[in-house]
Amino acid sequence: MDSELIRVIAFLVGIIAFAALNAAYLVWLERKGAAHIQRRIGPKEVGPFGLLQPMVDGIKLMTKQILIPDGVDPVLFRLAPILAMVPAIMSFVTIPFSETLVARNINVGLLMIFAFASVNVLALLLGGWASNNKYAVISAARAVSQNIAYEIPMLITVITMVMITGTLNLNEIVAQQPNISQWYIFRFSASPLMPVAFLIFFICSLAETNRAPFDLGEAESELVAGFHTEYSSMGFGLFFMGEYANIVIGCSLAVVLFLGGWQDPFGLYPGVWWFLLKLYLLIFTVIWIRWTFPRTQFYGLLNLSWKILIPVSMFNLLLTAGFLKVF
Amino acid sequence: MGAYFKEIFTGFWSLLVGMSITIREMTKPVVTEQYPYEASVMTSRFRGHIELVPNEEGGNKCIVCGMCMRSCPSACITVEGEKREGIKGKALTRYRLDFTRCSLCGMCVESCRPGAIRFSKDYNLAGTKKAAYIFDLLKRLEEQNK
Numbered sequence: 001m002d003s004e005l006i007r008v009i010a011f012l013v014g015i016i017a018f019a020a021l022n023a024a025y026l027v028w029l030e031r032k033g034a035a036h037i038q039r040r041i042g043p044k045e046v047g048p049f050g051l052l053q054p055m056v057d058g059i060k061l062m063t064k065q066i067l068i069p070d071g072v073d074p075v076l077f078r079l080a081p082i083l084a085m086v087p088a089i090m091s092f093v094t095i096p097f098s099e100t101l102v103a104r105n106i107n108v109g110l111l112m113i114f115a116f117a118s119v120n121v122l123a124l125l126l127g128g129w130a131s132n133n134k135y136a137v138i139s140a141a142r143a144v145s146q147n148i149a150y151e152i153p154m155l156i157t158v159i160t161m162v163m164i165t166g167t168l169n170l171n172e173i174v175a176q177q178p179n180i181s182q183w184y185i186f187r188f189s190a191s192p193l194m195p196v197a198f199l200i201f202f203i204c205s206l207a208e209t210n211r212a213p214f215d216l217g218e219a220e221s222e223l224v225a226g227f228h229t230e231y232s233s234m235g236f237g238l239f240f241m242g243e244y245a246n247i248v249i250g251c252s253l254a255v256v257l258f259l260g261g262w263q264d265p266f267g268l269y270p271g272v273w274w275f276l277l278k279l280y281l282l283i284f285t286v287i288w289i290r291w292t293f294p295r296t297q298f299y300g301l302l303n304l305s306w307k308i309l310i311p312v313s314m315f316n317l318l319l320t321a322g323f324l325k326v327f
Numbered sequence: 001m002g003a004y005f006k007e008i009f010t011g012f013w014s015l016l017v018g019m020s021i022t023i024r025e026m027t028k029p030v031v032t033e034q035y036p037y038e039a040s041v042m043t044s045r046f047r048g049h050i051e052l053v054p055n056e057e058g059g060n061k062c063i064v065c066g067m068c069m070r071s072c073p074s075a076c077i078t079v080e081g082e083k084r085e086g087i088k089g090k091a092l093t094r095y096r097l098d099f100t101r102c103s104l105c106g107m108c109v110e111s112c113r114p115g116a117i118r119f120s121k122d123y124n125l126a127g128t129k130k131a132a133y134i135f136d137l138l139k140r141l142e143e144q145n146k
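Just so you know, the protein sequences line up as chains F and E, in that order.
Numbered by this note's numbering, the letters in the first sequence go through residues 1 to 327 in order.
Numbered by this note's numbering, the letters in the second sequence go through residues 1 to 146 in order.
What the hints contain is simulated information worked out from the structure, not anything from laboratory work.
On a predicted model such as this, the values are computed, not experimentally measured, just so you know.
Each statement offered as a hint is correct.
Lysine-lysine pairs mimicking DSBU-like chemistry, simulated, CA-CA at most 35 Å apart:
id : chain 1 : residue 1 : chain 2 : residue 2
1  : E       : Lys-129   : F       : Lys-44
2  : F       : Lys-134   : F       : Lys-32
3  : F       : Lys-307   : E       : Lys-6
4  : F       : Lys-32    : E       : Lys-121
5  : E       : Lys-28    : F       : Lys-44
Sequences and hints are given; from them, build the entire structure.
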């Protein structure tokens, strides 16, 4: 067998395993984090520290029956959970875990991730619409308007980043940030607003992945479970795994664009461990935010985007353009 | 324009304050009780069903005056006694409590002059039949003494 085929298979298996294990154990981390923030213990019965809980949950989901209710769109109803999971896994292809550990180091990696990330919204829309359920339709409409509102400041911030880096290749972007003073979050020579740009990117990635406090799509007090109300078994499981895989993608992008990816802060031992350390710190922050803030109201969500994030990111774009021209 | 920026900064600051509170709470010890593994201590004024108070020898203090029986508004208590040699008054032979009708009002405990009954701290009651809640308190006391 030629080595290219082995490489493809190895990365395929590795990426799917990474995405699935992350989805499983981030649920565990989320439940543990939530519990300790509320001064409880959380899962503790299955295995030491409840570590086997995700496995048991997975087996439970897989053995349950996939119910297809009457009146649903038969094709789209089955397609939506797959559409939620597949783009998330596809996006891992261009994420550089270390200098050499990247499935495909393509020149338009950043663009590819955003292309696939927008398919996720389509999955929520199809899932909600095909369900033939009023809660699911409302949830799908909310998810779409929310994603449109937050895609704009996110992409403006990314355009700012691309103007500075001059490349869409994620590995090259990381290579430009060899130590902490050159991380793009602290690159004040490019724009004094770089930490603000990071914040905007992070808030938008929270909203894009429908995470609390922006989880209006599945506001359980109003919409039962939102777009996945009618889904049981692994249909629900795939939506759930897709959500966590998208969190990993969003945080990976934040790490790559702003926090130096696999680079060591002091330029000593760069490698995959630094990438994972930064990644999990950011993911922990996501969980921490979820269990701190209550869910926003819908107009609050749109006001934040249209009145604050978009003007500030536009201003940052102009400022960066000016800085790049003058210095 | 100034108010716009002020709102952004105060809003952002309040978010940071909230996050600092939750992270501090996270480092504190847990406050929940792991119920099946550890039972909680009931407070002194908790009212379980009534029980007989043991005296120094492990027996009961009941003189079978019947005041509890008469004071009970739901008639859940039946007391039976007999005359025995060497004992002044009567000796208790049976103390039946129908807990299905008891409202834990405490009239019996208040009316008992020798202080022979009190509220128990028993909160782990579960059963599938009505008979499971009809207690013989004298037998219960004897079982506790074993």
